[in-house]
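Colleague: One letter stands for each residue in the lines below.
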Amino acid sequence: MTSTIDTTGAKPSGEPDSRRGSSLLRAQVFLRGTDFTLIVIALVGFVVLASTTGGNLLTGGTLKAVFQYLAVPILVGLAQMSVLAVGQMNLSVGVLTGFTAMAAAWLMVRAGLPAPVAVIAAVLLGGAVGLANGLLVVLTRINGFIVTLATMTVIDGLRYGVNGTGTFQNYSSGLVSLGQGSILGVPNVFILAIAVAGAVAVFFRRAVLGRQLLASGGNPFAARLSGISNDRAIVVAHTLSGLLAGVAGIVVVALSGSVNASIGDDLLLPSFAAPIIGGVALTGGVVAVLGTCLAAFIVRLVDVAQAQYSIDRSWVDLIVGAVVLGAVLITQVRTGREGRRK
Amino acid sequence: MTFIAEKIVKVFPGVRALDHATLRLEPGAIHALLGENGAGKSTLIKVVTGVYKPDGGRLLTTAGDGTMTELNFSGPLDAQRAGIGVVHQERNLVPAFSVAENIALQAVPKRHGFVDRDAMRNLARQCLDRLDVQLDVDRTVGALSVAQMQLVEIAKALAVDSTVLLLDEPTASLTGDEAERLYTVVRSLRDQGHSVVLVSHRLEEVFAVADTVTVLRDGRSVAEAEPLAAHTRDDVVTLMVGRALADLHLDARSVAKDAVPALELDDVSTADGHRDISLRVQPGEILGLYGLVGAGRSELARAVLGLGAITGGTVRVHGKPASIRSVSHALQRYRLGYVTENRKEEGLFLDQTIARNVSVTVWRRLSRAGLVRGKDERALVDRYKDQLGMRISGPMQLAGQLSGGNQQKVSLAKWLAADCDILVIDEPTVGIDVRTKAAFHELIVGLADSGIAILLISSDLPEMITLADRIAVMSDYRIVGELDNDHRYDKTSQHVIRMIHAEIAS
Amino acid sequence: MSAPTQESDAMVTTADPGVGTDAPRGLPFWANPRFGLLVVIVVLVIVFTSLRSSFLNTSLTLVPMQQDVSVFLVVGLAQLCVLSLGHMNLAVPRMAAISAFAMGWCYQHLSVPLWLGLLIGLVVGAAVGALAGWIITATGVNSFIVTLALDFALVGLVSLLYSHVGDGVAFPVHPAGMTALRNDTFSDYCAGNICGPPVPLIVPIALVAALLVAVLFRLARVGREMLMTGSNLRAARLSGIPTSRRIIQAHALSGALAALAGFLLAVNSGAFSADIGNSFLLPSFLGPVLGGTLLSGGAVSILGTVLGAALTEVIRTGLNLLNFSVQDLNIYIGLVLLVALSLDRVRHVLAERRGTRA
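Residue numbers (the numbering used here), protein chains in the order written: chain A, 882 to 1223; chain B, 4 to 509; chain C, 25 to 382.
Treat the hints loosely; a few may be bogus.
[As the list claims (entries may be wrong)] Restraint ranges, calculated between C-beta atoms of paired labels, are given here:
id, chain 1, residue 1, chain 2, residue 2, range
1, A, THR1046, C, THR82, 28 to 34 Å
2, A, THR1046, C, VAL193, 55 to 61 Å
3, B, ARG61, A, VAL1083, 45 to 51 Å
4, A, SER1143, B, LYS378, 40 to 46 Å
5, C, VAL189, A, LEU1210, 24 to 30 Å
6, B, GLY397, C, GLY294, 34 to 40 Å
If you're looking for bench data, these hints aren't it; they were derived computationally from the structure. Using N, Cα and C, we set each Cβ at its ideal position, and we do this for glycine too.
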């Protein structure tokens, strides 16, 4: 598990005086790492799926849909990963996505605000809720699981409070065409998700604040001795998580053209599945942006396979559950073996 | 810059841990801080590094021109900012970060809110170069060996210009080669003008490396920054142990030497690395197992209890070969109990009542139709409360609210309740004040007198000499000698210490 | 094994001096969360009754409330069993669902009597729970992840089973006794002129379950050893407790109780259907946590769980009568949880402060 950061962070070519030995070593670490395994699974899965469906997967519309609907799982996975980085959990990620989506639609339909304002406001709303989560955890010293369980319930209610069970539609056509559009065949929302993932990766890899979060999650004692506030790290991580959920909400609004309060119901479990399969530990101190994205892609492939073969939808959950269990077992076996080698 | 901790007093409820102890550190010197367990070394270190606030005395630095500055630490961070670096025993590193980032963690070079990686690597390399250590700064710390992690910690202290560097038992988990390399680094630090404080039990190493020495005994400094060259090893040992504490003096007890041993190890080797271990404990006898930290004593006890693998030799209980699979097997089948050294983490359930803590081992016996009655539990507590002299408000008090000594009694009562006839008692009086300690010693002797065979593990030599009937000395996972204890402190202590150091020297 | 808690601040400043005080620190009675819960319940009942007199209407409110509380109480107990270890069981909903499937299938196709079907369901639940416990002990993976993944897998499995083995989404079967269990209260059974109280027949089932769990954790060796395992795993192992077996047993019991909850819900709603258990996750934590059971393990409160489940139901029913929408209920229930926990914290801090000064 601990190698995850190094493998994603290591840029063998980036360092002018890197000795050949160490870059070779890093290549080995990478080949043994979670990311490599996930890349292989993703590629094999994609190729198998593409060939067994007789190339149907590669036709423009289908391929576009594969990546369009990958954006939200990536974003909620990253939102969960951000709090896992400091050893916290955020159970409110799913409902918060739904709430911000409803809020954005309400701002456009009912309050008549222009789309850009609504979008920014919804993202900020997500951040504010995340900030509240973080402050509650730090101020009350109650376990983060319980705090976000409670806020999840509250937000769930708020989500329906916006428009009951009704649907918002016919909001900003510009936003929707932007959301459903693509550049050079790549869906815009997917580009957005990848750009956000890149920003999150840079944040955790390079930004002082991001490193402080990871230091706090990895060894709170050492972090404190280095003048890093563990409380601040928790608040920042929850705020970031909320912001990312807000972005996910916006993507839903832009992509689907109509939203109702049930959005987010089925996002909580995937939000954990992506980072955990991607190699993030619950204990904190480790993030894996690439792993999270790849895991989200693999889960999406299961979804696609279900649609392509018209299999019972239930298989998706069964398989994803089995994959998560398998992933933790493999990680456990591998770290166990490495531990013995030392 | 000279650093002085002057006449430091630190009082804990019931104990005067430091009583006007003085530590004076000159630049460009390696300073050994010595003392038996419980003499106040770790308390002094915690005061100097800002973890504890002293109840008396002051911390000063004097610059070259004689100006004095008084220091006031409100936390470890302050001490670090004042230039006092510690190599913590609990590793003060972020495992998922690179060597470079760990070294630079306190003062991350940044540019526009981002980590300046090149500057960070350069800083780390500079620090490592000053130590003359070759280490890839991009490696993940979690993948390093313990010895390498220690070097990283030292480099980390250098990164914030620590003028004083505290090394607490730095070689406890290092091999001989690794220790030698570490001391090369330490010497070069001294030559660069740092003051290095070395806390070590290994006198050989101290004499090979250190320039000056402070010896603590009972919270007082009995030698203050004296040049080590003026002392022989025997002097230092005498200073450390002083007169044996005015505690109970026991006559040699008579133990039936020809009885069937309650516990006997015959040429036992373990997966942890013990070789050819042969020991025997008669019923009613206290066999002391003495050795330095890291000699492998607790590990041996754990292997015997089924927590580690025994790979060769025979373990006999009451003369019959025994293969013990687990603690519960040891308890149910062989009536063998283990009072752990680590009472907070392994001995007690701090958030549970005393009644539950004491009776946990005997629920099987107390229960009728699978149910345990609270009355029986409380009766058990009442029995051992008197026998062990526990000071508690009642059986429903939580174990975490007790003092160290009383916690240890609860931990012991658990095994007495289980009706063990062989007890392994590991470091029974660590962190316990002197008076309770004496009461505890009487207790252990009383247990032996009642016929229990006791294997006593301790690093506290006076304690060992007070209690044991025979002393086996362990060093580096082997038994290096065994002697009958005549309870005469001067002679026996010299004998035991020589046994160990002869072994280390060879 | 529990979710990480906030201990970072205490780590440096309270570095242990090795010596503590021996002063007994009993907390005053008002620091007991159970007492606070009881007060809140009483106050809410008074408020709701004064706003809507129908709150105390027997058939309209009280009987359904008792039925719901029974289900949520058992759901809470299912979670409480693993909380005793410091674990979590996120698969409580689906353990209930798969057991409900097993029960429905047996009633439908084997025409087994009501009690036998229930027994089979309990065994299925226990087996799934034991599987979770076994994976946790064998791999050392956090219980949160294991049960989360198991829940995922079971979601799929349950709906596959219903669509392939079963007949769609529900078993329409009503074994003998089920209707009575659903509709009757003890007031329907009279001996001469004396009839029983208006208590639904399923209430005693839930109460017996609660009583058994209470006996287990308070008196039985096995339950106490589970608590000790949750309190300090290493010390438990060194005290001769077979910790792995206790972990598996606690999870198995959790599964069995989830199955019982599934049965009770099926009885209440009249069908063994695929959506049984869907609403169980939040209530499973609400009851124990409101009642003062910690996530860190080592202590449980069964009475607290009863009160916690009752409080949630009082709020739900009361707001319902005041014409709040189902969704608005969630806001208030979540806020109540937050406020209750924060107050609990404040109360504890105050009590400790008073205790140390005294």
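Colleague: Look at each hint and say if it fits the structure.
Modeller: Status of the hints after comparison with the structure:
| no. | hint | result |
| --- | --- | --- |
| 1 | THR1046(A) with THR82(C): 28 to 34 Å | 32 Å, holds |
| 2 | THR1046(A) with VAL193(C): 55 to 61 Å | 21 Å, violated |
| 3 | ARG61(B) with VAL1083(A): 45 to 51 Å | 48 Å, holds |
| 4 | SER1143(A) with LYS378(B): 40 to 46 Å | 56 Å, violated |
| 5 | VAL189(C) with LEU1210(A): 24 to 30 Å | 28 Å, holds |
| 6 | GLY397(B) with GLY294(C): 34 to 40 Å | 52 Å, violated |
This entry does not satisfy hints 2, 4, 6, going by the numbered hints stated previously.
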